[in-house]
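Here are the chains, one letter per residue:
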Amino acid sequence: MAKAWVDPAYRARLFKDATPAIAEIGYAGRQGEHIVALENTPKLHNIVVCTLCSCYPWPVLGLPPVWYKSAPYRSRAVANPREVLADFGVTLPKDTEIRIWDSTAEIRYLVVPMRPAGTESWSEEKLAELVTRDSMIGTGLPKSPQDLK
Amino acid sequence: MGGKHGFGPVKPEPNEPVFHAEWEKRAFALTLAMGMPGGWNIDMGRFARENRPPAEYLSMSYYQIWFAALEQMIKERGLVSDDEIEAGHSLRPPEPVKRVLSPADVAKTLHRGGPTERDTNTGAAFKPGDRVRMKNIQLRTHTRLPGYVRGHIGTIERVIGCHVFPDSNAVGAGENPQWLYTVRFDGPELWGADGDPTVKISVDAWEPYLEPA
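Heads up: the sequence lines are chains A and B, in that order.
Quick note, the first sequence lines up with residues 3 to 151 if you use this note's numbering.
Quick note, the second sequence lines up with residues -12 to 200 if you use this note's numbering.
Isolated chain B, as found in the complex (with noise of 0.2 Å):
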């Protein structure tokens, strides 16, 4: 939603809560949680939070977009039917699992995190001050191409590491790592005549998004 025009001011909250609501405590922690059981990857989780009718995503608020992106999975997986979520209880015995997240186990996962460089053999395509443009992609499934940079030109300005490709890991085509950059634009590249020149702006940007410019 780059560059979208018509949603307001943002307005901070003063001394604002972690959480607003215990339920929203609750939808974040077994969200982390189900990741385990339910098998499904950081990228499969965020299609599944961004995938739904614009007017939808946009009416609901963060939490509410979680626990619905949640409940989406553990159904597709089969690990939960829709009257059990009626019922709001389970109505026959647990689908068996592969891990499970033991509380034990909670704070040494969330130290360990789930860092995403892998090795490479292959060379990086481009290097610093190397001009780009944005290919025009528009892919239907999980994609980190912002549409705002589709077809712009920019410069390279770090190569950042070969990271796994969100594009692929989130259909369940493997890690596919790619080559990563940071892509530098200038305001008016982007936002036209009118665009602020003391204005600069960076995506990262795997090499698969990148064209020779």
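Bound-form chain A, shown alone (with noise of 0.2 Å):
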């Protein structure tokens, strides 16, 4: 993410077809055969769900946590999506587009958060810290720079 961020060619490479933009820093295999990157901007936010069960991209974000196989997870990300990032106390501006992807069949989803403001200055390696599992699930934010402190 942190490399997306920094470097606007792997970014391109990695919204035209992210397998292989993921497989050159090392990460590929099952569950990560065919990945997706989407992109939040501020007037779009992505989130992933699998209402099916719990396809989730394994080589990029290790096995799912038990939340995001949960019944209550699969049910309310579809329908009130607002209501499930309340519940990661998570608040998005009421025009702010939220799309859902059901991972209904192989392609595995993985949402690339917006790099977080006051970070103009920092390296790929210090923005890295500020990349959490949920938000490349679409549930989280990145940390803010006030967070490390």
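By construction, these hints were calculated from the structure, which means they are not laboratory data.
Note that CB positions come from ideal geometry on N, CA and C, so glycine has one too.
Warning: the hint list may mix true and false statements.
Said to hold, decoys possible - Calculated from the model, a selection of chain A residues having no Cβ within reach of chain B, i.e. all distances over 12 Å:
(1) Pro10
(2) Gly64
(3) Leu65
(4) Pro83
(5) Leu94
(6) Met116
(7) Glu126
(8) Glu131
(9) Leu150
(10) Lys151
Said to hold, decoys possible - Simulated restraints on C-beta separations:
(11) A/Lys128 x B/Gly116: 39 to 45 Å
(12) B/Glu176 x A/Pro147: 36 to 42 Å
(13) A/Gln148 x B/Pro199: 34 to 40 Å
(14) B/Arg79 x A/Glu41: 55 to 61 Å
Using the hints, build the complex out of the two chains.
Spelled out as structure tokens, the structure:
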């Protein structure tokens, strides 16, 4: 994620075809055969779910947490995502479009969160400390610079 | 279960471990490893996990479901019998199997994964921007067509490619590759007039699930 924040060419490759772009930095394999990266913007927030069971991009995020596989998340993420975000302590502006990606096939989705404000001079290594698992599922936001203090 | 009510809030667990007990680790590893001698494919595995009475499905933990499905699949294939499960160890010589996952091959096998895209000579019936209705197919075997989109109208957002069709693959009817699309729906189309108009939902749907709208 941090690489996508600092390297425009890498970012372009990631959104064009995420599977080889992610393989470049060493992540590939089972349950990550066909990865698509989703771009969060000030107007659009992406959230990933698998209402059918538990599909999740193992090679990049590991195995899914219990809540991701639970009935509350699977039932509510598609119908009431703002309530689900509230369960995670996240509130988005009312006019932000929310896009839910139900992982019903073998395509695995990975959210690319927005780079936090106030990090303009930061290195890729330091930015990586701001990236959280939930921010790549869409149920969270990256940490802010204040969170690291 | 998309859109069903009454399950309560999502409860994230701070600093959650990958597994909550040793047996979960073992159930997970055994399920992946037994795919090779067992000879089932991923869609057969999914069907074995989901195809149980709803009350039972909802009251079991995730890895309890995995373990129950594993037990069922190895029993169905004659690799183990009830008395052996009861005894907790094998009581007779093992059945011959075609392939076994050796420890040395685990990393390589996981790295290789199981890509599902296939070559095809057929053209895709739909293109981005087309309006489609999700067919109301009530299959009793495995399907990836969620109940909450059946009968609803959406827009083709992306033509993904030609992929193994799970509805066929799960019942041993072959890979039967079909064109796969991302289909996007407006919130109110799925959830009625009170549906949040700022929410859009997409599913990935194979061509047999779709008809022109």
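We went through each hint and held it up to the structure:
For A/Pro10, the requirement that its beta carbon stay farther than 12 Å from each beta carbon of chain B is met, with the minimum near 23 Å. With a least beta-carbon separation of about 7 Å from chain B, A/Gly64 fails to lie farther than 12 Å from that chain, contradicting its non-interface assignment. Once the 12 Å rule is applied to beta carbons, A/Leu65 is inconsistent with being away from chain B; the minimum gap is 6 Å. A Cβ of chain B approaches the Cβ of A/Pro83 within 12 Å, the least distance being about 6 Å, so the stated non-interface status is violated.
Once the 12 Å rule is applied to beta carbons, A/Leu94 is inconsistent with being away from chain B; the minimum gap is 9 Å. No Cβ of chain B approaches the Cβ of A/Met116 within 12 Å, the least distance being about 17 Å, so the stated non-interface status holds. The Cβ of A/Glu126 sits about 25 Å from the closest Cβ of chain B, beyond the 12 Å cut-off, so the non-interface label holds. The Cβ of A/Glu131 lies farther than 12 Å from every Cβ of chain B, with a closest approach of about 17 Å, so its non-interface assignment holds.
Every beta carbon of chain B lies more than 12 Å from that of A/Leu150, the smallest distance being close to 18 Å; the non-interface claim holds. Once the 12 Å rule is applied to beta carbons, A/Lys151 is consistent with being away from chain B; the minimum gap is 20 Å. At roughly 42 Å, the beta-carbon separation of A/Lys128 and B/Gly116 lies within the given 39 to 45 Å, and the hint holds. Distance hint check for B/Glu176 and A/Pro147: the Cβ-Cβ separation is about 40 Å, which falls inside the suggested range of 36 to 42 Å.
For the hinted restraint 34 to 40 Å between A/Gln148 and B/Pro199, the CB-CB distance of approximately 52 Å leaves it violated. Between B/Arg79 and A/Glu41 the CB atoms are about 57 Å apart, so this pair conforms to the stated range of 55 to 61 Å.
Taken one by one, the earlier hints fail for this structure at numbers 2, 3, 4, 5, 13, listed in ascending order.
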